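Chemist: Make a model of the complete structure from these sequences and hints.
As given, the protein sequences belong to chains R and E, one line each in that order. Going by this note's numbering, the letters in the first sequence line up with residues 1 to 431, in that order. Going by this note's numbering, the letters in the second sequence line up with residues 1 to 431, in that order.
Don't read these hints as lab results, they were simulated from the structure. Errors might be hidden in some of the hints.
Pairs count within a copy or across copies, as identical chains cannot be separated in the list.
Unchecked claim - Derived pair list, reagent style DSBU-like, types lysine-lysine, alpha-carbon separation capped at 35 Å:
1. Lys96 with Lys322
2. Lys322 with Lys32
3. Lys388 with Lys360
4. Lys150 with Lys191
5. Lys150 with Lys26
6. Lys360 with Lys422
7. Lys339 with Lys26
8. Lys240 with Lys20
9. Lys339 with Lys3
10. Lys293 with Lys253
11. Lys186 with Lys343
12. Lys57 with Lys240
13. Lys26 with Lys340
14. Lys293 with Lys40
15. Lys322 with Lys339
16. Lys240 with Lys65
17. Lys322 with Lys422
18. Lys87 with Lys420
19. Lys405 with Lys373
20. Lys405 with Lys240
21. Lys150 with Lys40
22. Lys87 with Lys322
23. Lys253 with Lys65
24. Lys150 with Lys62
25. Lys293 with Lys32
26. Lys20 with Lys339
None of these values were measured; they are calculated from a predicted model.
2 protein chains.
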Amino acid sequence: MRKINIGLLGFGNVGQGVVKILRERKQFLSEKIGLEINIKKICDKDITSRRSITVDKSMLTKNPKDIINDPQIDIMIELIGGIEPTKGYIVEALRKGKNIVTANKALLAEVGKELFAVAADCSKSIYFEASVGAGIPLIKSIREGLVANKFFNIFGIVNGTSNFILSRMSDANCSFSDALREARAKGFAEKDPTLDIEGIDSAHKLILLAYLCFGRLIAMEDIFIEGISRVSLADINYAKELGFDIKLLAIAKKDGESLEVRVHPTLIPLSNLLSSVKGVDNAIFVSSDLSGKLLFYGPGAGQLSAASAVVSDVVDLTQDIKAGMFRPTLNIVPDTSIKKLRKIEEIESRYYIRFMTVDKPGVLARISGILAKFGISIASVTQKERRKGQSVPIVMLLHEAQEKKLRAALKILDHLEIIKEKSVAIRMEET
Amino acid sequence: MRKINIGLLGFGNVGQGVVKILRERKQFLSEKIGLEINIKKICDKDITSRRSITVDKSMLTKNPKDIINDPQIDIMIELIGGIEPTKGYIVEALRKGKNIVTANKALLAEVGKELFAVAADCSKSIYFEASVGAGIPLIKSIREGLVANKFFNIFGIVNGTSNFILSRMSDANCSFSDALREARAKGFAEKDPTLDIEGIDSAHKLILLAYLCFGRLIAMEDIFIEGISRVSLADINYAKELGFDIKLLAIAKKDGESLEVRVHPTLIPLSNLLSSVKGVDNAIFVSSDLSGKLLFYGPGAGQLSAASAVVSDVVDLTQDIKAGMFRPTLNIVPDTSIKKLRKIEEIESRYYIRFMTVDKPGVLARISGILAKFGISIASVTQKERRKGQSVPIVMLLHEAQEKKLRAALKILDHLEIIKEKSVAIRMEET
Numbered sequence: 001m002r003k004i005n006i007g008l009l010g011f012g013n014v015g016q017g018v019v020k021i022l023r024e025r026k027q028f029l030s031e032k033i034g035l036e037i038n039i040k041k042i043c044d045k046d047i048t049s050r051r052s053i054t055v056d057k058s059m060l061t062k063n064p065k066d067i068i069n070d071p072q073i074d075i076m077i078e079l080i081g082g083i084e085p086t087k088g089y090i091v092e093a094l095r096k097g098k099n100i101v102t103a104n105k106a107l108l109a110e111v112g113k114e115l116f117a118v119a120a121d122c123s124k125s126i127y128f129e130a131s132v133g134a135g136i137p138l139i140k141s142i143r144e145g146l147v148a149n150k151f152f153n154i155f156g157i158v159n160g161t162s163n164f165i166l167s168r169m170s171d172a173n174c175s176f177s178d179a180l181r182e183a184r185a186k187g188f189a190e191k192d193p194t195l196d197i198e199g200i201d202s203a204h205k206l207i208l209l210a211y212l213c214f215g216r217l218i219a220m221e222d223i224f225i226e227g228i229s230r231v232s233l234a235d236i237n238y239a240k241e242l243g244f245d246i247k248l249l250a251i252a253k254k255d256g257e258s259l260e261v262r263v264h265p266t267l268i269p270l271s272n273l274l275s276s277v278k279g280v281d282n283a284i285f286v287s288s289d290l291s292g293k294l295l296f297y298g299p300g301a302g303q304l305s306a307a308s309a310v311v312s313d314v315v316d317l318t319q320d321i322k323a324g325m326f327r328p329t330l331n332i333v334p335d336t337s338i339k340k341l342r343k344i345e346e347i348e349s350r351y352y353i354r355f356m357t358v359d360k361p362g363v364l365a366r367i368s369g370i371l372a373k374f375g376i377s378i379a380s381v382t383q384k385e386r387r388k389g390q391s392v393p394i395v396m397l398l399h400e401a402q403e404k405k406l407r408a409a410l411k412i413l414d415h416l417e418i419i420k421e422k423s424v425a426i427r428m429e430e431t
Numbered sequence: 001m002r003k004i005n006i007g008l009l010g011f012g013n014v015g016q017g018v019v020k021i022l023r024e025r026k027q028f029l030s031e032k033i034g035l036e037i038n039i040k041k042i043c044d045k046d047i048t049s050r051r052s053i054t055v056d057k058s059m060l061t062k063n064p065k066d067i068i069n070d071p072q073i074d075i076m077i078e079l080i081g082g083i084e085p086t087k088g089y090i091v092e093a094l095r096k097g098k099n100i101v102t103a104n105k106a107l108l109a110e111v112g113k114e115l116f117a118v119a120a121d122c123s124k125s126i127y128f129e130a131s132v133g134a135g136i137p138l139i140k141s142i143r144e145g146l147v148a149n150k151f152f153n154i155f156g157i158v159n160g161t162s163n164f165i166l167s168r169m170s171d172a173n174c175s176f177s178d179a180l181r182e183a184r185a186k187g188f189a190e191k192d193p194t195l196d197i198e199g200i201d202s203a204h205k206l207i208l209l210a211y212l213c214f215g216r217l218i219a220m221e222d223i224f225i226e227g228i229s230r231v232s233l234a235d236i237n238y239a240k241e242l243g244f245d246i247k248l249l250a251i252a253k254k255d256g257e258s259l260e261v262r263v264h265p266t267l268i269p270l271s272n273l274l275s276s277v278k279g280v281d282n283a284i285f286v287s288s289d290l291s292g293k294l295l296f297y298g299p300g301a302g303q304l305s306a307a308s309a310v311v312s313d314v315v316d317l318t319q320d321i322k323a324g325m326f327r328p329t330l331n332i333v334p335d336t337s338i339k340k341l342r343k344i345e346e347i348e349s350r351y352y353i354r355f356m357t358v359d360k361p362g363v364l365a366r367i368s369g370i371l372a373k374f375g376i377s378i379a380s381v382t383q384k385e386r387r388k389g390q391s392v393p394i395v396m397l398l399h400e401a402q403e404k405k406l407r408a409a410l411k412i413l414d415h416l417e418i419i420k421e422k423s424v425a426i427r428m429e430e431t
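Modeler: Spelled out as structure tokens, the structure:
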């Protein structure tokens, strides 16, 4: 039976999962794919610490070149993360004729254009199923399963940490910082959780999904990103009273010739399936013209879940290698009907707004008057409990308005003496 | 650019969708896959009726041999349905070196063993993505995306007609026959809806899913099948009061060395995602050891949705043909830890039970006494409104019990003079 040799760059959590699966399922996989997958080399800067899985010392190296320059290695799995020096290793490996499997969304989102070009130039592939939604076979589904489709939109909960925090705040009625503390204790948040809670990780993943659906690798600076660190328990509770939940959504939405690409906390109806997504689970709606609105849902993180996706990529590549062929990833074809990216100021959205006002007559008339001047119409208003001497929250749901106009109105409103704090605005989506 | 020739057997609804997609997306697909897909021949017993799409008359034939014997045709798409003569056409086409794409779940469920054996013998593939969940890329996800996984269970709403009827009954508070009438009027139910409402179509699909997950092509006679035609509005409403919905589920469940495979109306908690699945939508939970519990959700029927799945299969096959290779479908590997199929009498389940009783003291004591004799324990009891001279419904939720014991208890109970009608028992699942 022909043997396909793998080099593994990064022997951390997911890397150990990959080794475990490839070892324990060796025969199972061989029977399915008709060849043997062999881990030939594992590279990590730390090759002495005890791991959850023991490997022969001769397989371990601290030098990536031992993988990159080994002509017998067919596939390099990259699980070290980061942009540099990772990018350089991948370029070198491609040039040396290796196919790449990676879970590195930051890398592909930031410098994917260059990497995919090198891969095409070398007639090699970069597979990245584990980079979004871990073990949910989302990337394969979009690229291969929905190959004939033109896409309308993507609405996804793609960051487990943020979703854990928001669902804890909602379910346990606790503050952002308490929920973050709990996420840390459970290992769901990193020591520095910025990438997750500020929406950057979601944006990285959104870039990859939009690339697959719309054929464009959008730059980070062209995505509007707002994280969850300013979502307050008060707003979660007010939203709930109105029949909504707040989720961090990654959104890509085609509208005529424009594409909107954004990440932000979003009010969605409690009846929406996405509002049932709790903890670190991920769920992604993908709408397209032939297959309709599909939902992919499941654990969005986890050692074996991510490793399972890595192994599925390896298996796909082995089939191509077995045929002695260059079977690239199916080509990505740009959706030529998209002429421009819509800036956040230009989007139209419904909004949830909370004003903190002084407690005196005429306040509501003043606010609604200014909104009306900007053509913004109010769908519902709730004036919250008032306590003597304290500011009074007024919560509004607005009909569709242009963001630019809303921002202009809020700028004026926030300067009025009747408004005691910067007002809160959260976009709404029906998905 | 190399051309791959297709022969289409069956120019009905989905067939026309396939032609439409392959024609309108010709260049789009060519750019993605690096070759041209060409429909060379279309066979149907009716080649004169006007279709939603016009094709050159020279492409049409009434004789399947014109496809089967054409050496230039690489792939035969089978969309005529039925077992015979379809099976014969597929066998012949495989022997003539063609790969097959089919949406025919009945065929594969009933005679798949033989067909897959012929395909293997001829080194050809049978692809069948459209046979379950239409455009939801479920089969590819299980076979390729989850290639390294061992599976625990499948819980699926896989029949749109039944789900439409049950959700209409629940949402519009109408009877089974009213909901069926509405389904017919909307084109969601066939004139003879037996296959759908009696669970047979669900069983066919379950056979294919179990085959992919557990590596065994289970015979129809080994599946317990109960349809929805005896689900009453009363039970749907009682279930709802208790926090449950009734759905027709296709279930395959591994428990130790046993595999349970069954289709029946099932009480599921209203909080379960499956209970939000309305109308003709499909949703399938697939649980496995590495990737966890995944949900695939979307429209389970529709011309373009099914055609999209057919085209994705065609694209997969073209990639293999392009490489001049026999790349079979990844081999199916039996889960050898499964030693037997568990018969329905042997399963353990929770149950919803409704008794129609006479209105007099001691009835409840009598019923619970008999249940207790069989070791069956009651989780909750609700005695419903009584009207003078009419029977009184008593609704119970039972703790886990063996079906055999429950059946024995109900047999005795149903013969008591205090019980006025055959009691209703519906299995419960948490999924």
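Chemist: If a hint holds in the structure, say so; if it does not, say that too.
Modeler: Do the hints match the structure? See the list:
no. : hint               : result
1   : Lys96 with Lys322  : both (18 Å within a copy, 25 Å between copies)
2   : Lys322 with Lys32  : both (13 Å within a copy, 22 Å between copies)
3   : Lys388 with Lys360 : within (11 Å within a copy, 60 Å between copies)
4   : Lys150 with Lys191 : between (40 Å within a copy, 34 Å between copies)
5   : Lys150 with Lys26  : between (38 Å within a copy, 13 Å between copies)
6   : Lys360 with Lys422 : within (18 Å within a copy, 67 Å between copies)
7   : Lys339 with Lys26  : between (48 Å within a copy, 22 Å between copies)
8   : Lys240 with Lys20  : neither (43 Å within a copy, 45 Å between copies)
9   : Lys339 with Lys3   : between (47 Å within a copy, 32 Å between copies)
10  : Lys293 with Lys253 : both (13 Å within a copy, 28 Å between copies)
11  : Lys186 with Lys343 : neither (37 Å within a copy, 41 Å between copies)
12  : Lys57 with Lys240  : neither (56 Å within a copy, 60 Å between copies)
13  : Lys26 with Lys340  : between (48 Å within a copy, 25 Å between copies)
14  : Lys293 with Lys40  : between (42 Å within a copy, 32 Å between copies)
15  : Lys322 with Lys339 : between (40 Å within a copy, 33 Å between copies)
16  : Lys240 with Lys65  : neither (55 Å within a copy, 63 Å between copies)
17  : Lys322 with Lys422 : neither (61 Å within a copy, 61 Å between copies)
18  : Lys87 with Lys420  : neither (49 Å within a copy, 76 Å between copies)
19  : Lys405 with Lys373 : within (10 Å within a copy, 72 Å between copies)
20  : Lys405 with Lys240 : within (26 Å within a copy, 45 Å between copies)
21  : Lys150 with Lys40  : between (41 Å within a copy, 25 Å between copies)
22  : Lys87 with Lys322  : both (27 Å within a copy, 31 Å between copies)
23  : Lys253 with Lys65  : neither (42 Å within a copy, 47 Å between copies)
24  : Lys150 with Lys62  : between (45 Å within a copy, 33 Å between copies)
25  : Lys293 with Lys32  : both (32 Å within a copy, 22 Å between copies)
26  : Lys20 with Lys339  : between (46 Å within a copy, 26 Å between copies)
Checked against the numbered hints given earlier, the structure breaks hints 8, 11, 12, 16, 17, 18 and 23 and satisfies all the rest.
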